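Colleague: Can you make the complete structure from the sequences, with help from the hints?
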Amino acid sequence: MLKEFKEFALKGNVMDLAVGIIIGAAFGKIVSSIVNDLITPVLGMIMGGVDFTGLKIVLSKAVMAGTEIVEPEVAIMYGNFIQTTIDFVIIAFSIFILIRMLNKFRRKEEAAPVVEEPVLTPTETELLTEIRDLLKEK
Numbered sequence: 001m002l003k004e005f006k007e008f009a010l011k012g013n014v015m016d017l018a019v020g021i022i023i024g025a026a027f028g029k030i031v032s033s034i035v036n037d038l039i040t041p042v043l044g045m046i047m048g049g050v051d052f053t054g055l056k057i058v059l060s061k062a063v064m065a066g067t068e069i070v071e072p073e074v075a076i077m078y079g080n081f082i083q084t085t086i087d088f089v090i091i092a093f094s095i096f097i098l099i100r101m102l103n104k105f106r107r108k109e110e111a112a113p114v115v116e117e118p119v120l121t122p123t124e125t126e127l128l129t130e131i132r133d134l135l136k137e138k
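Residue numbers for the sequence shown follow the numbering used here, beginning at 1 and rising by one.
Check before you lean on any hint, since a few could be wrong.
[As the list claims (entries may be wrong)] Once the Cα atoms are required to be at most 30 Å apart in a straight line, the calculated DSS-like pairs of lysine-lysine come out as:
hint: 1; residue 1: K104; residue 2: K11
hint: 2; residue 1: K29; residue 2: K11
hint: 3; residue 1: K29; residue 2: K56
[Stated by the list, open to error] Restraint-style ranges between C-beta atoms, simulated for each label pair:
hint: 4; residue 1: L102; residue 2: S33; range: 17 to 27 Å
hint: 5; residue 1: F88; residue 2: N13; range: 22 to 32 Å
hint: 6; residue 1: L98; residue 2: F5; range: 29 to 39 Å
hint: 7; residue 1: A25; residue 2: F5; range: 17 to 27 Å
hint: 8; residue 1: I23; residue 2: T53; range: 42 to 52 Å
hint: 9; residue 1: K108; residue 2: M77; range: 40 to 50 Å
Note that these hints are calculated values from the structure, not bench results.
Keep in mind that this is a model prediction, so the values were computed, not measured.
From the three backbone atoms N, C-alpha and C, an ideal C-beta is built for every residue, glycine too.
Modeller: Take a look at the structure:
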């Protein structure tokens with residue numbers, strides 16, 4: 001059983017999958033940073049400084065006793081949903097562009113013309129000459 005597990009774990013497909021997951025996680029962090037640190041502030045500035053994560057519909061306000069919260073606020077945080085949706089669209093678009101570029105690169109490699117040496121076939125005259133010569137030898 002241990003031998004079978006070792007064969008399974010060390011197969012190329014499993015190792016490729018593990019590498020893909022690790023690289024995907026790292027790429028996800030990079031894209032998340034681009035979205036959170038570069039794109040979201042620009043979108044917020046263009047939209048007049050709106051921070052989507054703060055948008056909410058309050059269903060019941062928090063009950064306070066002095067400075068102590070007795071009952072927390074109940075709210076629908078639709079701004080967070082909007083922000084998460086924007087993040088998803090940007091991440092999905094980034095991955096789409098990356099895969100599109102990789103596919104273009106692969107197509108260029110596949111489309112590269114393979115120069116094959118032309119196979120020279122003898123002409124009719126050359127064949128007849130060879131046949132004549134063979135007949136003369138007999």
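Colleague: Now tell me, hint by hint, if it's right for this structure.
Modeller: Hint-by-hint comparison with the structure:
For the suggested pair K104 and K11, the alpha carbons sit about 29 Å apart, so the restraint of at most 30 Å is met. Between K29 and K11, the direct Cα distance comes to roughly 28 Å. Compliance with the 30 Å bound is thereby established for this hinted pair. Taking the CA atoms of K29 and K56, the gap is about 27 Å. The hint holds against a cut of 30 Å. Checking the proposed 17 to 27 Å range against L102 and S33 shows it holds: the Cβ atoms sit about 21 Å from each other.
The beta-carbon spacing between F88 and N13, approximately 29 Å, falls within the hinted interval of 22 to 32 Å. Taking 29 to 39 Å as the suggested C-beta distance range, the pair L98 and F5 conforms, at roughly 34 Å. Between A25 and F5 the Cβ separation comes to about 24 Å, which falls inside the hinted range of 17 to 27 Å. A hinted range of 42 to 52 Å for the beta carbons of I23 and T53 is inconsistent with their spacing of about 29 Å.
The hinted range of 40 to 50 Å is satisfied by K108 and M77, whose Cβ atoms lie roughly 46 Å apart.
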